[in-house]
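All chains should be built: construct the whole structure from the sequences, respecting the hints.
Chains A and B are the protein sequences, given in the same order.
Read in order, the letters of the first sequence correspond to residues 1123 to 1820 in our numbering.
Read in order, the letters of the second sequence correspond to residues 303 to 382 in our numbering.
Mixed in with the good hints there might be a few duds.
[What the hints assert, rightly or not] Calculated cross-link-like contacts (lysine to aspartate or glutamate; reagent style EDC-like; alpha-carbon spacing at most 20 Å): (1) A/1205 - A/1247; (2) B/316 - A/1409; (3) A/1364 - B/325; (4) A/1418 - B/321; (5) A/1518 - B/369; (6) A/1346 - A/1376; (7) A/1304 - A/1378; (8) A/1375 - B/321; (9) A/1604 - A/1547; (10) A/1413 - B/353; (11) A/1418 - B/353; (12) A/1410 - B/346; (13) A/1375 - B/353.
FYI, nobody ran anything at the bench for these hints, they're computed from the structure.
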Amino acid sequence: MQRRELTIALAGNPNCGKTTLFNKLTGSRYHVGNYPGVTVEQKIGEVEFQEYRLKLIDLPGIYGLTAYSPDEVVARNVLLKEKIDVVINVVDATSLERGLNLTVQLKELGIPMVLALNMVDAAREIGLTVDCTKLSQCLHFPAVPVVGTKGDGFPGLLQAVIRAAEGNSEFNHIFYGAEIEKAINTVTLMISENLDVQYDWRIKESFLLRWLAVKLLESDRAVKAEINTLIQDGKLEEAVQKGFREVFRLLGKDPEAVIINQRYSAARKIFKGVVSENKWKRITVTEKIDKIILNKYFGLPIFFVIMWILFRLIFSLGGPFTNAIEWGFSSLSTLLITFLPEGLFRSILVDGIIGGVGGVITFLPNILLLFLGIALLESTGYMARAAFIMDRMMTKAGLHGKSFIPMLLGFGCSIPALMATRILENPRDRIVTMLVVPLMSCGARLPVYTLLAAAFFETDIAGSVVFSIYVAGMILAVIMAKVLRSSVVKGPSEPFIMELPPYRLPVMKSVLIQMINRAKMYLKKAGTVILLASIIIWFFFSFSFSGNKGLIQYYPAAPEKSIAGDIGHALEPVLTPLGLDWKSGVVLLSGLAAKEVVVSTMGTLYSIQDNTDLSSAQDGSTNGLTQRVREQSGLTPLTSYVFMLFVLIYIPCISTVAVFHQETGTWRWPLFLVGYTFALAWIVCFVVYRGGLFLFYS
Amino acid sequence: MSSLTLKQLSPGQKGIVIDVRGDGILRRRLLEMGLVPGSRVQVERYAPLGDPVEIRMQGYFLTLRKEEAGMVEVACKEEN
Ligand SMILES: Nc1nc2c(ncn2[C@@H]2O[C@H](COP(=O)(O)OP(=O)(O)OP(=O)(O)O)[C@@H](O)[C@H]2O)c(=O)[nH]1
Ligand SMILES: [Mg+2]
Chain A
1123 MQRRELTIAL
1133 AGNPNCGKTT
1143 LFNKLTGSRY
1153 HVGNYPGVTV
1163 EQKIGEVEFQ
1173 EYRLKLIDLP
1183 GIYGLTAYSP
1193 DEVVARNVLL
1203 KEKIDVVINV
1213 VDATSLERGL
1223 NLTVQLKELG
1233 IPMVLALNMV
1243 DAAREIGLTV
1253 DCTKLSQCLH
1263 FPAVPVVGTK
1273 GDGFPGLLQA
1283 VIRAAEGNSE
1293 FNHIFYGAEI
1303 EKAINTVTLM
1313 ISENLDVQYD
1323 WRIKESFLLR
1333 WLAVKLLESD
1343 RAVKAEINTL
1353 IQDGKLEEAV
1363 QKGFREVFRL
1373 LGKDPEAVII
1383 NQRYSAARKI
1393 FKGVVSENKW
1403 KRITVTEKID
1413 KIILNKYFGL
1423 PIFFVIMWIL
1433 FRLIFSLGGP
1443 FTNAIEWGFS
1453 SLSTLLITFL
1463 PEGLFRSILV
1473 DGIIGGVGGV
1483 ITFLPNILLL
1493 FLGIALLEST
1503 GYMARAAFIM
1513 DRMMTKAGLH
1523 GKSFIPMLLG
1533 FGCSIPALMA
1543 TRILENPRDR
1553 IVTMLVVPLM
1563 SCGARLPVYT
1573 LLAAAFFETD
1583 IAGSVVFSIY
1593 VAGMILAVIM
1603 AKVLRSSVVK
1613 GPSEPFIMEL
1623 PPYRLPVMKS
1633 VLIQMINRAK
1643 MYLKKAGTVI
1653 LLASIIIWFF
1663 FSFSFSGNKG
1673 LIQYYPAAPE
1683 KSIAGDIGHA
1693 LEPVLTPLGL
1703 DWKSGVVLLS
1713 GLAAKEVVVS
1723 TMGTLYSIQD
1733 NTDLSSAQDG
1743 STNGLTQRVR
1753 EQSGLTPLTS
1763 YVFMLFVLIY
1773 IPCISTVAVF
1783 HQETGTWRWP
1793 LFLVGYTFAL
1803 AWIVCFVVYR
1813 GGLFLFYS
Chain B
303 MSSLTLKQLS
313 PGQKGIVIDV
323 RGDGILRRRL
333 LEMGLVPGSR
343 VQVERYAPLG
353 DPVEIRMQGY
363 FLTLRKEEAG
373 MVEVACKEEN
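Have a look at this one:
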């Protein structure tokens, strides 16, 4: 059977539950979080319903159709320029009035609509009920109550969508008052006289002209710019100016303010007619929690304690699991060494694959705990509060309160963090945030610290050593932001206006799914990129240029003489001033592919050395990676700390640089990023190493 | 009743929005977030470092910096 295809867009305020609804409907697993601005690009999914195939588009949240930040531009462009059969307008029942303000604006586009009144469970909890029948009547299109997290009301919603697509939807314009309407009419006329059919807006023509006129009177810059390319005639501009003056003369206000107010009044009128309860004072759980969390005196200490606990837990809870996995891999190596004959094959298996890939997989528990921590911060509602608390500090540093969200996500992975900077309206704020996000130490770097801290520091201070690296990253980010903001990217910062969502209990199932996804991604990476890198690295460590014939030959047991050894020695002039040797050079170089490779390279390198020693020692067992690193890397507590710092700061991984290019559209900024992080890493490490030598060894 | 800006209210004080001063993107942003004439607002608290300020709207909470709060004109009853 041929199914009829319909394109459905999900539009609504930020944080009203669009992605939750989308995931549940299409069976996708896109990122959900309890703060505004989680979704920053359009996502597409499909669902089959009766004889239809519905193509759903999830969009970033918007408050209106005038876009400010890059994520809002994405949503606006889809709504205006793509062929959409029905818009599902998702509205959070607990902030219905503001939601309806967007509804009124979407209605002006003349696309068939269905309102999904979401979070009716949360509304019921605070004693608010909405009369959906009445709401449908007021809006002239269906309103369906749903609970996105549970899937309640979905069949009814999809049924309504189909009916809206097939039926004749009734549309009516909002009446803006006689003065504005007069101006709208004049401008509409001017546009219709001049605009030929060459426009690429998808709105029905009857709606388009009026909508364009309204937007011009609202001084919408994007519409103005686009219209100017279509109609070069100065008469239109003149008509708009005239409308402006007229409205101002009659009402004492510019049309923009009047139009927005009128929309709000329309929304308010509907709102008042459909809600049962409208009390001013509601003591909710959120308020009680915020009394403490955002307290004048406790707010900041609580913030720092939360951050500290997060990292401590990752380190100490992860420890036992990590040890168990490490033990597992070294037992496996021992087994293979006992049963396989010595040679190329055993070496590639034991040193290359188990040493490298195993070394990375060992740290899976830490990575999962890290992402669990971030997921909890995201889903409870603390994220936006952290931005609120930190805004002042961030502003002082030349960043923006909202920069905090991508920066915190950066502790997980820089790539989603760079994407998340789209919530920043001001391009200057955004670029500076993007430039410092890589200084927030990502999850892939965590194994390096965990490994080195465990190898070179006492157990009771190892956690704090790792934490200090994270703090160093944050401090450097702040300093660099300040420096960049007063040199390369000068200019004023954007105002801070943000909504604080209510606290919610994390939906355990979705947190769990996120963890499983993370684990899969990590293991997949270990089995592909890192496996490949490990084999390459193993090759470089096991073969050498044989001096006389210019040939490459298998030359086990002497990594220093290998090809990698040569490369490492070539890098030594740069690294010796920092107290690091050729081994660190090779390890750091390999880390450019992906930061996990730093650990896998160490795994391979020290496995080769260890097993070579083993062959001579013949005690029949292999050491764990931690012990190997301690014994063979030649690092001291001081140089291991310098090494950690270098890994923290130096050039971000290739994927990060690529996404940086994609998000900025130029090569200038990603190259700048590469240059400045390398320079910064070298300078910081030099100072710390020399300072450390002076303090501890003189 | 006296006319003030949102910035001048102390935590706990309520008011009704009369107007948003200024023009351009910022004013539009404030209006679209719900600070339109006739909206009831209450100052909840200031951030621990003194800025931004959190205000309660009907059904949700907004945060904005003092500078932006200074653009929002409110009428409020003098409470003792
Ligand atoms: N109680 C309740 N919570 C919900 C419901 N739907 C979504 N949520 C929660 O609301 C929060 C926001 O959900 P998202 O789906 O990320 O919202 P969004 O509209 O996609 O947000 P943006 O992408 O930021 O625009 C999450 O914490 C969800 O768990 C619902 O029906 N009831
Ligand atoms: Mg979303």
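So, going through the hints one by one against the coordinates:
Between residue 1205 of chain A and residue 1247 of chain A the CA atoms are separated by roughly 38 Å; this puts the pair beyond 20 Å, and the hint is violated. Of the pairs offered as hints, the one joining residue 316 of chain B and residue 1409 of chain A holds, with about 16 Å between alpha carbons and a cut-off of 20 Å not exceeded. Proximity of residue 1364 of chain A to residue 325 of chain B is assessed by CA-CA distance (about 18 Å); at most 20 Å being required, the pair is judged to hold. Of the supplied pair hints, the one linking residue 1418 of chain A and residue 321 of chain B is violated, its CA atoms being roughly 29 Å apart against a limit of 20 Å.
Straight-line distance between C-alpha atoms of residue 1518 of chain A and residue 369 of chain B comes to about 15 Å, which keeps the hinted pair within the 20 Å bound. At most 20 Å may separate the alpha-carbon atoms for a hinted pair to count; residue 1346 of chain A and residue 1376 of chain A meet this at roughly 17 Å. For the given pair, residue 1304 of chain A sits about 14 Å from residue 1378 of chain A by alpha-carbon distance, which is consistent with the 20 Å threshold. Taking the CA atoms of residue 1375 of chain A and residue 321 of chain B, the gap is about 10 Å. The hint holds against a cut of 20 Å.
As the CA atoms of residue 1604 of chain A and residue 1547 of chain A are separated by approximately 19 Å, the hinted pair is consistent with the 20 Å bound. With a C-alpha separation of about 16 Å, the suggested pair residue 1413 of chain A and residue 353 of chain B falls inside the 20 Å cut-off, and the hint holds. A distance of roughly 11 Å separates the Cα atoms of residue 1418 of chain A and residue 353 of chain B; the hinted pair therefore holds under the 20 Å criterion. At most 20 Å may separate the alpha-carbon atoms for a hinted pair to count; residue 1410 of chain A and residue 346 of chain B meet this at roughly 12 Å.
Simply put, residue 1375 of chain A and residue 353 of chain B have alpha-carbon atoms about 30 Å apart, too far for the 20 Å limit, and the pair is violated.
Of the hints listed earlier, those the structure fails to meet are numbers 1, 4, 13, in rising order.
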